[in-house]
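If you read the protein sequences in the order shown, they are chains U and A. Under my numbering, the residue at position 299 of the first sequence is numbered 299, and the numbers go up by one with no gaps. Under my numbering, the residue at position 68 of the second sequence is numbered 68, and the numbers go up by one with no gaps.
Just so you know, the hints here were simulated from the structure itself, not pulled from any lab data. There's no promise every hint is true.
Lysine to aspartate or glutamate pairs mimicking DMTMM-like chemistry, simulated, CA-CA at most 25 Å apart [claimed, not checked]:
hint, chain 1, residue 1, chain 2, residue 2
1, A, Lys66, U, Asp351
2, A, Lys66, U, Glu332
3, U, Lys100, A, Glu228
4, U, Lys100, A, Asp242
5, A, Lys100, U, Asp351
6, U, Lys66, A, Asp18
7, A, Lys100, U, Glu332
8, U, Lys100, U, Glu72
9, A, Lys66, U, Glu72
10, U, Lys100, A, Asp351
11, U, Lys216, U, Glu55
12, A, Lys212, A, Asp237
13, A, Lys100, U, Glu55
14, U, Lys216, U, Asp18
15, U, Lys100, A, Glu55
16, U, Lys327, U, Asp237
17, U, Lys66, A, Glu332
18, U, Lys66, A, Glu228
2 protein chains.
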Amino acid sequence: MKPEPVRVRIDLGERSYDIHIGCGLLDSPASYAGLPAGTAAAVVTNRTVAPLLAERLAAVLGAQFKRVQIIELPDGEAYKDWTALNGIFDALLGAACDRKTILFALGGGVIGDMTGFAAACFMRGVPYVQVPTTLLAQVDSSVGGKTAINHPLGKNMIGVFNQPLRVIADLDTLDTLPQRELSAGLAEIIKYGPIADDAFLAWIEMNLDALKRRDKGALAHAVKRSCEIKASVVAQDEREADVRAILNFGHTFGHAIETGLGYGTWLHGEAVGCGMVMAADLSVRLGLIDTTYAMRLRAIIERAGLPVVGPALGVARYLALMRLDKKSEAGETRFVVIQAPGHAVVRVAPDAVVAEVIEAHTR
Amino acid sequence: MKPEPVRVRIDLGERSYDIHIGCGLLDSPASYAGLPAGTAAAVVTNRTVAPLLAERLAAVLGAQFKRVQIIELPDGEAYKDWTALNGIFDALLGAACDRKTILFALGGGVIGDMTGFAAACFMRGVPYVQVPTTLLAQVDSSVGGKTAINHPLGKNMIGVFNQPLRVIADLDTLDTLPQRELSAGLAEIIKYGPIADDAFLAWIEMNLDALKRRDKGALAHAVKRSCEIKASVVAQDEREADVRAILNFGHTFGHAIETGLGYGTWLHGEAVGCGMVMAADLSVRLGLIDTTYAMRLRAIIERAGLPVVGPALGVARYLALMRLDKKSEAGETRFVVIQAPGHAVVRVAPDAVVAEVIEAHTR
Numbered sequence: 001m002k003p004e005p006v007r008v009r010i011d012l013g014e015r016s017y018d019i020h021i022g023c024g025l026l027d028s029p030a031s032y033a034g035l036p037a038g039t040a041a042a043v044v045t046n047r048t049v050a051p052l053l054a055e056r057l058a059a060v061l062g063a064q065f066k067r068v069q070i071i072e073l074p075d076g077e078a079y080k081d082w083t084a085l086n087g088i089f090d091a092l093l094g095a096a097c098d099r100k101t102i103l104f105a106l107g108g109g110v111i112g113d114m115t116g117f118a119a120a121c122f123m124r125g126v127p128y129v130q131v132p133t134t135l136l137a138q139v140d141s142s143v144g145g146k147t148a149i150n151h152p153l154g155k156n157m158i159g160v161f162n163q164p165l166r167v168i169a170d171l172d173t174l175d176t177l178p179q180r181e182l183s184a185g186l187a188e189i190i191k192y193g194p195i196a197d198d199a200f201l202a203w204i205e206m207n208l209d210a211l212k213r214r215d216k217g218a219l220a221h222a223v224k225r226s227c228e229i230k231a232s233v234v235a236q237d238e239r240e241a242d243v244r245a246i247l248n249f250g251h252t253f254g255h256a257i258e259t260g261l262g263y264g265t266w267l268h269g270e271a272v273g274c275g276m277v278m279a280a281d282l283s284v285r286l287g288l289i290d291t292t293y294a295m296r297l298r299a300i301i302e303r304a305g306l307p308v309v310g311p312a313l314g315v316a317r318y319l320a321l322m323r324l325d326k327k328s329e330a331g332e333t334r335f336v337v338i339q340a341p342g343h344a345v346v347r348v349a350p351d352a353v354v355a356e357v358i359e360a361h362t363r
Numbered sequence: 001m002k003p004e005p006v007r008v009r010i011d012l013g014e015r016s017y018d019i020h021i022g023c024g025l026l027d028s029p030a031s032y033a034g035l036p037a038g039t040a041a042a043v044v045t046n047r048t049v050a051p052l053l054a055e056r057l058a059a060v061l062g063a064q065f066k067r068v069q070i071i072e073l074p075d076g077e078a079y080k081d082w083t084a085l086n087g088i089f090d091a092l093l094g095a096a097c098d099r100k101t102i103l104f105a106l107g108g109g110v111i112g113d114m115t116g117f118a119a120a121c122f123m124r125g126v127p128y129v130q131v132p133t134t135l136l137a138q139v140d141s142s143v144g145g146k147t148a149i150n151h152p153l154g155k156n157m158i159g160v161f162n163q164p165l166r167v168i169a170d171l172d173t174l175d176t177l178p179q180r181e182l183s184a185g186l187a188e189i190i191k192y193g194p195i196a197d198d199a200f201l202a203w204i205e206m207n208l209d210a211l212k213r214r215d216k217g218a219l220a221h222a223v224k225r226s227c228e229i230k231a232s233v234v235a236q237d238e239r240e241a242d243v244r245a246i247l248n249f250g251h252t253f254g255h256a257i258e259t260g261l262g263y264g265t266w267l268h269g270e271a272v273g274c275g276m277v278m279a280a281d282l283s284v285r286l287g288l289i290d291t292t293y294a295m296r297l298r299a300i301i302e303r304a305g306l307p308v309v310g311p312a313l314g315v316a317r318y319l320a321l322m323r324l325d326k327k328s329e330a331g332e333t334r335f336v337v338i339q340a341p342g343h344a345v346v347r348v349a350p351d352a353v354v355a356e357v358i359e360a361h362t363r
């Protein structure tokens with residue numbers, strides 16, 4: 001039985017919006033009702049997603065917009081750069097799109113981040129809608145308005161906060177997702193447990209097999225609960241002045257892995273999975289949580305099909321890469337650590353302790 | 001006698017800020033009082049301005065910031081592109097700058113536009129201060145938060161609205177400005193008369209010689225009144241939903257000249273000067289104002305040392321370039337026209353009439 005569609009509200013004053021979660025949403029005109037009538041819609045997608053879904057989205061948008069254009073970018077984190085971003089501008093200007101254009105991000109986190117950034121910058125701002133088609137994008141990257149491209153010196157270094165008009169998370173689009181990508185999405189779902197909801201971690205532990213075999217009911221609950229937690233955190237701190245940083249649990253180590261190996265070698269969710277193992281161990285070494293909890297988290301991450309041992313970049317390289325993290329201040333790296341099950345905080349840690357963590361979890 | 005320093009307030013709620021106008025402001029610590037104490041300051045400037053002013057600004061900022069970095073870009077509109085923008089990111093990341101960095105835009109409109117855009121995007125947003133050193137930047141581009149880079153298909157196509165923390169307009173920095181650049185600045189000053197203040201146009205007419213010989217009292221009044229008018233318009237419509245577009249008087253034709261000739265061939269102010277002659281004639285041909293007023297405006301523009309005849313790009317090319325203007329909607333070019341002296345409106349015009357204007361004012 002298909003789960004009932006649900007909506008999760010992101011409460012940000014005049015920038016508030018809904019996340020629609022359910023099956024069959026992509027092809028349903030109701031999903032797009034109430035969006036401003038633009039003169040043109042542009043579907044930004046990648047070469048992997050396009051043949052599966054782009055024409056279907058273009059067809060349903062065709063009933064509402066005068067003109068629908070499909071813009072295809074190369075697939076993968078390695079292409080989350082200025083060249084691909086500029087490809088969006090070239091296509092929009094080449095088709096004489098104006099300030100009434102609405103962009104639709106159809107794809108995973110890379111497409112969502114780049115489309116949101118392009119929408120912020122095209123003619124100083126046009127609206128956009130997220131249509132995430134990976135589990136990771138549905139539970140994390142499509143929600144909250146963080147947009148960016150990578151810089152050779154650091155991930156997501158160039159970008160803006162730009163909230164979408166709506167997020168349409170159609171669970172049916174996950175049917176064709178490669179298993180490796182599904183696991184990557186599970187990493188961000190698991191994340192919400194230790195940082196914000198210990199009961200949710202227990203639920204994930206119980207339902208991990210159902211999630212892995214893409215049971216729609218299990219996915220619907222996981223996506224909904226993840227979005228609720230993210231919505232609550234983002235509503236408190238849209239621009240990451242403080243508490244929003246906890247959503248970056250596992251990301252400081254994870255970004256170092258991604259940047260150190262070259263973007264796209266590991267999937268973002270894989271790096272976050274391994275990064276959470278390291279950040280949990282750091283929390284243990286700082287005396288915040290006990291080893292049992294860290295081992296339990298590690299076991300869940302491993303069961304989800306994610307790597308739990310990082311690449312041997314060397315301690316010095318890890319430390320140098322992490323010092324460039326956006327959470328760093330005055331040369332000090334700041335880590336999201338678990339203070340107690342379901343509760344994360346941001347703090348600095350001595351290099352010597354971080355080095356122990358790196359030594360213990362890379363090879 | 002030096003004019004007294006004055007401040008003009010831009011009223012935008014929590015994004016409100018002051019424009020400081022006067023002599024000797026660049027070297028005065030008082031100009032920077034109250035700015036947030038960042039860990040680092042980065043002065044973004046160009047190779048022409050740097051030897052004259054960058055060390056002086058760095059010296060005064062050195063008393064307030066732990067670290068001051070100077071980032072030099074190539075000079076000119078031809079370099080208002082992604083490559084130069086990325087040079088700012090490279091320098092900031094190379095120096096391990098963090099989210100507490102403040103950027104200072106020291107230069108003309110190109111530097112201000114690029115620094116403001118870089119500040120918006122670096123790690124999803126750091127604050128910035130405008131220190132305009134050209135007349136054009138002091139009366140127009142440093143005020144109001146429009147930032148952008150050019151795209152081969154259109155000027156200022158890629159950018160965001162991002163208000164500075166403060167604008168510091170030191171009239172003494174105009175002493176070394178080439179006469180051609182001074183004239184370019186006069187174009188934007190003249191603009192404020194026909195669109196918003198007929199009495200100001202009469203004042204400009206009376207004081208044009210004093211402005212051209214850089215009389216500080218005359219400059220102080222011209223900069224102040226220009227900023228007051230811009231402040232009032234921007235406060236009504238920060239993101240150019242409607243009335244702000246009148247500040248673009250002369251710019252639709254002007255941008256076509258700049259893009260058509262290749263960025264940097266004409267100065268922006270020169271293109272706007274000639275563009276105003278064309279837009280005034282369009283207003284006459286649409287039956288809005290009489291020829292006498294258009295001829296008077298043309299005479300002032302010519303006396304200011306600005307071109308009043310556009311390059312012969314051909315009617316078709318002008319029309320095509322203008323259709324890409326950001327004010328265009330659904331393929332229709334919209335022009336800022338003078339409805340009555342001191343009052344501008346935005347409207348469409350038949351291609352045939354626009355063609356007559358182009359024929360009459362280009363060769």
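Just pull the numbers of the violated hints for me, sorted ascending. Those not satisfied are hints 3, 6, 9, 12, 13, 15, 18.
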